[in-house]
Amino acid sequence: MSSSALVEKTAFDLSHLLANKEVSSVEIAQACLSQIDRVDEQVHAFLHRDDQDFLAQARASDERREKGNSLGPLDGIPVALKDVISVKGQPLTAASKILQNYISPYDATVTKKLKDAGAVIGGRLNLDEFAMGSSTENSAYGPTRNPWDLNCVPGGSSGGSSAAVAAREAPLTLGSDTGGSIRQPASLCGVVGMKPTYGMVSRYGLAAFASSLDQIGPFSKTVEDTALLLEIISGHDPLDSTSFPTEIPSYSSAINQSLKPCVLGLPKEYFGEGMDDEVRNAVNLAVEFYRNQGHEIVEVSLPTTDLAVPVYYVIATAEASSNLARYDGIRYTTRSDRAQNAIDVYAKSRGEGFGEEVKRRCILGAYGLSSGYYDAYYLRAQKTRTLIREDFNRVFKEVDAILTPTAPTPAFKFGEKSDDPISMYLSDIYTISTNLAGLPAISVPCGFTKGNLPIGLQLIGRAFEESSLLSIAHAYDREHKFGCVTPSLVKE
Amino acid sequence: MSESEPNPMDIDYVSNLARIELSEKEKEKFRGQLGDVLKYFEKLQEVDVEGVEPTAHAFPRYNVWDKDTAKKPFSVDLALQNAPKSRNEQILVPKVVED
Amino acid sequence: MKYEAVIGLEVHVQLETNSKMFTRVPCGYGKEPNSLTDAVVLGLPGALPVMNLEAIEKSIKVGLLLGCKIADTCKWDRKNYFYPDMPKNYQISQFDQPICEGGEVEIEMPGDSPAVMGKHRIVQLTRIHLEEDVGKLTHFENDSLVDYNRAGSPLLEIVSEPDLFSPEETFAYLTSLRNSLIYTGISSCDMEKGQLRCDANISIRPVGTEKLGTKVELKNLNTISGVKNGVEYEIKRQIKAMEQGEEIFQETRRWNPEQRYTTPMRSKEMAHDYRYFPDPDLMPVKIEQEWIDKIRNEIPEKPFDKQRRYMDELNLPYSITSALCPDLKLCEYFEEANKLAKNPRKIGNWVVNDLLRELSAGSKDETKSISLNDCPIPPKHLAELVELIENGSVSNNVAKELFPEMFSTGKSPSTLVKEKGLEVKSDEGEIESHCAQAIQDDPDAAEKFKAGKEGAINALKGKVMKATRGQANPKVVDEILRRLLSN
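Residue numbers (the numbering used here), protein chains in the order written: chain B, 1 to 492; chain H, 1 to 99; chain A, 1 to 487.
Don't read these hints as lab results, they were simulated from the structure.
Backbone N, C-alpha and C define an ideal beta-carbon position, used for all residues, glycine too.
Incorrect hints may appear among the rest.
[To be verified] If you only want the chain H side, here are some residues facing chain B, beta carbon under 7 Å, derived: (1) M9; (2) V14; (3) R19; (4) I20; (5) E21; (6) Q33; (7) L34; (8) Y40; (9) F41; (10) E53; (11) A58; (12) F59; (13) V64; (14) L78; (15) I91.
[What the hints assert, rightly or not] In silico lysine to aspartate or glutamate, DMTMM-like type, Cα no more than 25 Å apart, as pairs: (16) A:K136 - H:E89; (17) A:K286 - H:D66; (18) B:K268 - B:E288; (19) H:K72 - A:E16; (20) H:K72 - B:D116; (21) A:K31 - H:D77; (22) A:K79 - H:D66; (23) H:K39 - B:E357; (24) H:K85 - B:D337; (25) A:K215 - A:E4; (26) A:K31 - H:D68; (27) H:K29 - B:E352; (28) H:K27 - B:E357; (29) B:K9 - B:D37; (30) A:K286 - B:E390; (31) A:K79 - B:D375; (32) H:K39 - A:D273; (33) H:K39 - B:D419; (34) H:K27 - B:E352; (35) H:K29 - B:D344; (36) B:K112 - B:E66; (37) H:K29 - B:D419; (38) B:K417 - H:E28.
Required output: the full structure, derived from the provided sequences and hints.
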């Protein structure tokens, strides 16, 4: 099979090809590498590659299969990771200058789970520095470009993860989602991206942005592939105290069972102003599809919606200001040459090592926690967060899933929002609430604009009911497969 | 806060608290941007949160702990592999002014 | 004007656990630098904390021992400040929901003489909370080195009310607290190893006034005598300043034990804006009554309670109990020996005089004693020795000679007595011939006794004992002499 044909395959198909010995893992790895060689100069999804290590893992997988010791459906399939997930012996920069020389001495739990499943882990994917941003413009190593239009951002913060799947450089990638950082770039790049319920996937080894909101999740071309990857990386981890002890069913088999009629809620607050017309039309078509399939569509209300962005930015920046304090030029981060004493090391190393958005958020976060402001900002935001959770709890008594656009607009141009923090923050307006409520949500491609930019549909599910959410998403995706459309720019 | 009120944030104080050195240009820029952001946050002050418990965790649990069994630590080499400077198996830092 | 000092103490105690507070790396002292770390200890990107159950149980135990209210729930907060010894630049601690609140420590002031019990008083505690320790900085002329071996060890902070009024009380408080903590097996409280560290808040006020003066925080009080000397110096400094009309600033000062004075620490870096907030990486702790009850059963009797019981029930003098009771192991030894010999005063005397002497003399290192765990004399040997004395089988003098040998050989007293032929001779025939000989050699004494001078018999006894090298049973000697002299 030709290299260009291989990179267009889903992980699910690759898995079958491997099982039938129609292709080897080395061939798949080589196909990915040649695609990266061909397109990544333009797309810039990857910050780092270790081709030898990548091919060695593929060879080891082929040998296992040869001996009949295959480790399962993911054995031999490449998975690339956002550069905030630790892989022992590999760099982890978080797209920051301050971590430019850091090599991780340990594996994240998801990395370990992927290795145990035989996945071929390759490459470090670009992002907004420390996952702070919605465009991947905040990377210290240069932005990632949207494979659908190189003048547009891929979304963020996991822009490298979404672009790599869209550009056919990897069939599967992992990202992290704190306020939409998986779903928004998935939407802007026309791929599937999912944020699981908070606590489903261990955060151990994920460089933290905002601990109470961060979740790792998959990117893929199809919902089916996302199910496949999610069932590997989920599960209780004793190394993460916020990890939830719950049984992980086989999502990939669950989604293929027949779907009973569901009630889907459309929150009226989400369909108001600020939404692009083409986005609205595409989402309405998806709504019609579900209605025609026999599902009930109801209007619901989430009155706290307009509070989500301020609550999020108070909580996320506060946690970040503390989480990022460890990057100080002392033990493993780059130290400023200008430092005369220990106190200098901090301020100068951080002043030089952090980009503008990271500085802005750390300062904002420190302010929200500082003496005299804690009650008005942090504590009040936490209380309001309770109201947001209660809103969702109430709605989920009536509906099985909430259906919304993922982002208010398709991919925007570079520089369009980078000097206006609030308008950038508002590009996460539909995704942020679910992080605050801890709920699972998935972005599924649901069409294109006239300018051929992808549009994403977001489905939000009940806590810990990933099976149900994936089944509802799969019902749409199976019939449309917009994520399997390859951008012409990266086609051979 | 009305529009005429200045940004309440003392950027020198907070950047020192966060241990981030800012250039004058950055300070100027941040003053404006963060002032806008704080103004945007104002809507939080109008929410009635009387009697509402704060959410620290989306799905709170209690007593998540581990038994006191020691496991193997990092080797000294691994512990120091990323250190910008080290001497005698320790991290070297510029003189800490005793405070 | 006369001034009085008001002192509150913050005592940090390292809990003895196998692994650290929030990761399962071993705790230890004196190991190769940076050999007790992992991703969590070093604060690497992605590392997450997991609580150590043992540290929580031990904290509850301390709380129960000191009569604190144990929290229904407590949580973890981040205390944010930058310092090279703190890997994450925040310390996981407990801000507004500590594991224990209130509580008290009974202290004893020195009595008029070592044999007399001093005055007792209750010192109130504010709270006890659990946190993680920081690493160790070593300063050189041009730079500093950091070792993170200690970082992340469980550390208990015990905060007293401003309820101490002199350096002597401060010393008594620390001594009593330390004894209690060692009692419960919480910590060895070895100040040299940094297992117990202390800061003091000191202010002065005119005697008879209620309002607290400006508080000065005194740091680096790292030995028990350092605490006493440092506090004493600082009180004098403040009184002098006050008398000279100077203002006392709220500041942090450091005790310099070598030069014996306190100096201010740079206040600029000490801006106390710690930005505490609940640690989102950890879940809170809920402490059910059942759990508390279970731990309560493991709490030993408090040192002063034990001392009172020994004095009341066993009729032991203060001089013995004051040496026994601060040391739980010694008390256990005493009780075990006493259970067999049922002679508390004798056993007590042997333990606090002879045993302690041998233990401290027996160690090659002059500064240290042999631990009671390694004591070559088991309690039953001591009990046996006391019984041998009581039933007249050995004399007191012989016993005193035997004891060091029991210590050096580990043999039982009866074995040694046999081996060395030291058993008391009660063979009446042999003793009678010695007695007859004595009367013959000293007719003068015999006559005096017969004439009613009771004391004269002692001269004869002495002769018999000398002739038998002290091994004749004194009771038998007495009987035979009286019989022979009555004829």
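State the violated hints by number, sorted upward, taking the hints as numbered earlier in the document.
-> Per hint list: zero violations.
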